[in-house]
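Given the sequences, and given the hints that come with them, work out the whole structure.
These are the residues of each chain, in order.
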Amino acid sequence: MFKKTFYSTCLTLFLLLFTTTVARAEDVVLSVTGNGSDSQNQASSTTDSTTTVTQSNNAQINNNVSNSSDTGSNNTSGNTGSTSVATGDASNSTSIQNQNLNTNVANEGNCPSCATISETDIQNNGTLSTNTINNSTQNNTVVSQSNNAIINNNDTQNANTGNNSASSNNGSINMQTGSITSSDKIVNNNINQNIDPGNNNSGNNSVAIAISGNGENSVNTVNFSSVNNFMSTGVNNACIFNAKNESLNTGNNTASSNVGNVSIVSGNIIAESVIENNNINSSFLNTPSLPAPQKGGGTENNNPGAPGPASSSGSSGSSASSSSGGGGSSSGSTLGASTQILPATGSILTLLATIAALVIFFAGFLLRLRSGMSPPSVA
Amino acid sequence: MRKKPLMHYVGNALMAFSFFILLFIYYPIIVIYLFPPRLPSNIHELSFAIEIPKIHVYAPIIPNVDPFNENQYRDVLHHGIALTKGTSIPGDSYLFAHSSDYPWDITRYNTIFFRLSELNNGDEILIAKAKEVFRYKVFDKKVIWPNDTHYLTNSINNNIDSSNLKNNKSNSPQVLPSSNEGEPRHNRGELILQTCWPLGTSLQRLLIFARVV
Chain A
1 MFKKTFYSTC LTLFLLLFTT TVARAEDVVL SVTGNGSDSQ NQASSTTDST
51 TTVTQSNNAQ INNNVSNSSD TGSNNTSGNT GSTSVATGDA SNSTSIQNQN
101 LNTNVANEGN CPSCATISET DIQNNGTLST NTINNSTQNN TVVSQSNNAI
151 INNNDTQNAN TGNNSASSNN GSINMQTGSI TSSDKIVNNN INQNIDPGNN
201 NSGNNSVAIA ISGNGENSVN TVNFSSVNNF MSTGVNNACI FNAKNESLNT
251 GNNTASSNVG NVSIVSGNII AESVIENNNI NSSFLNTPSL PAPQKGGGTE
301 NNNPGAPGPA SSSGSSGSSA SSSSGGGGSS SGSTLGASTQ ILPATGSILT
351 LLATIAALVI FFAGFLLRLR SGMSPPSVA
Chain B
380 MRKKPLMHYV GNALMAFSFF ILLFIYYPII VIYLFPPRLP SNIHELSFAI
430 EIPKIHVYAP IIPNVDPFNE NQYRDVLHHG IALTKGTSIP GDSYLFAHSS
480 DYPWDITRYN TIFFRLSELN NGDEILIAKA KEVFRYKVFD KKVIWPNDTH
530 YLTNSINNNI DSSNLKNNKS NSPQVLPSSN EGEPRHNRGE LILQTCWPLG
580 TSLQRLLIFA RVV
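Chains as they are written, first to last, in the working numbering: chain A, 1 to 379; chain B, 380 to 592.
Hints in this document: simulated from the structure, not taken from any laboratory.
Positions of the beta carbon are idealized from the N, C-alpha and C atoms, including for glycine.
Among the hints, erroneous ones may be present.
What the hints assert, rightly or not - Quick list of the computed label-pair ranges, beta carbon to beta carbon:
id : chain 1 : residue 1 : chain 2 : residue 2 : range
1  : B       : 427       : A       : 58        : 49 to 57 Å
2  : B       : 532       : A       : 59        : 32 to 40 Å
3  : A       : 58        : B       : 450       : 21 to 29 Å
Listed below in structure tokens is the structure:
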């Protein structure tokens, strides 16, 4: 039993060792050197790396703010003579702020996994030898960013300056209310942002090619290919509900069945309400800078067709063909695409299908005519 | 009896086939003329819909559609008429819908503006929103090229301007003097209806301009 467990653990560790791949910088050195005359030598390397960055944020925020203030239920009833009720000054102030919610920053530190250092040397090979180095590198970077935010802001404000009732009084009554100041603010700022600072695929793709010291009539070729593919996708979904409910009054001020002087003065409600949604669903994307192809590393024979130093007659040619390129493709979900044409609400295929149907009809009609059969006569 | 040659049967088959193709393509359009949809009498109770009595158009309006996002508006146009994002009713608004579509994809909503060109000055357009009916009268008609987007962008910009104006003013809604029908008239605006022209192509765009009455 113990042996079985031991073996199975060893096997698992062994498999893990060989199945786990760690992204790392590639250092490729290809060298064809010191081969004899009339030999044919070839070295090839293909490097293909893919870096995938996936970032996703989900946030749900519920803000429920309720503010209620009143200045008493002022009730004076059945009084004879002067009654004075003076309230006022009920202030409400609320603020809801949602800031910097759901931010993705894709920063791969100049793509460490796809940085490639490549060195190719064809040196000191004999006469009439054929020496070829094929070096192909492809780096793929896929950045996928998504944010989902659901924000519910509910702001309820209730304020009144008393219910102020003075009933069945005989004589002068003076009520003075007023002065409710309400201020509330809902701010949603920087919600759902995807930031890709770029240069995610511009790693250290340095290339050194050296062809030198080869014999007469030798054919030396370096085929170099470097392709960087970059794709970025950003998706933002934001559902923001801002609900405000304000109920403000300066007293219900009732003075009923009074005989004599009644004076009710209210007024002065100042309500300020602000809702701001700033920078909702933004994608900031910089396409990568393409790696600049380099050619060099040798001292004398870096130029295609230049004679090698070992060849006194100059008849030996060294040809280095190197190609490097980069492809950057990026796609982000940005509102308002760059294609500025009005929406297409028709299809040319309807017309084409009609023409095709008519052509088929006439083709059939011609076949009928050429078949020599005349329609059956009635008589 | 003389035997009929093979060409005779092939010719018949091709003619029948072409007839079925034409029927398949144009059946929804034939239906528009022969059996126009009955317009509901309770349009004011519907949440968001358009009615054009003259050409028997009645369809729901789907708001907030990006006119430059083809994938989005193609999907939306299967279910109704698109209201361009950034425009609103009441206010300056820009609506668009199919006059034709892929032959295999023609439905009722994909030919809803097929007869739009029949509208003339003075024709009535009704839009119901939140149990309120806005009446428009056609005052102009234009055919433009697809890259002439200034009518669309003007609609969007005018809405932004008017909403900014509203924000800068008080919170009270902007109510204009009453119309002839006695209804309060909100925020005067222009309505633009767009579809493709000539019919069965996407070569140009037909615009119908209407104003609130």
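Which hint numbers doesn't this structure obey? The structure conflicts with hint 1 only, although it agrees with all the remaining ones.
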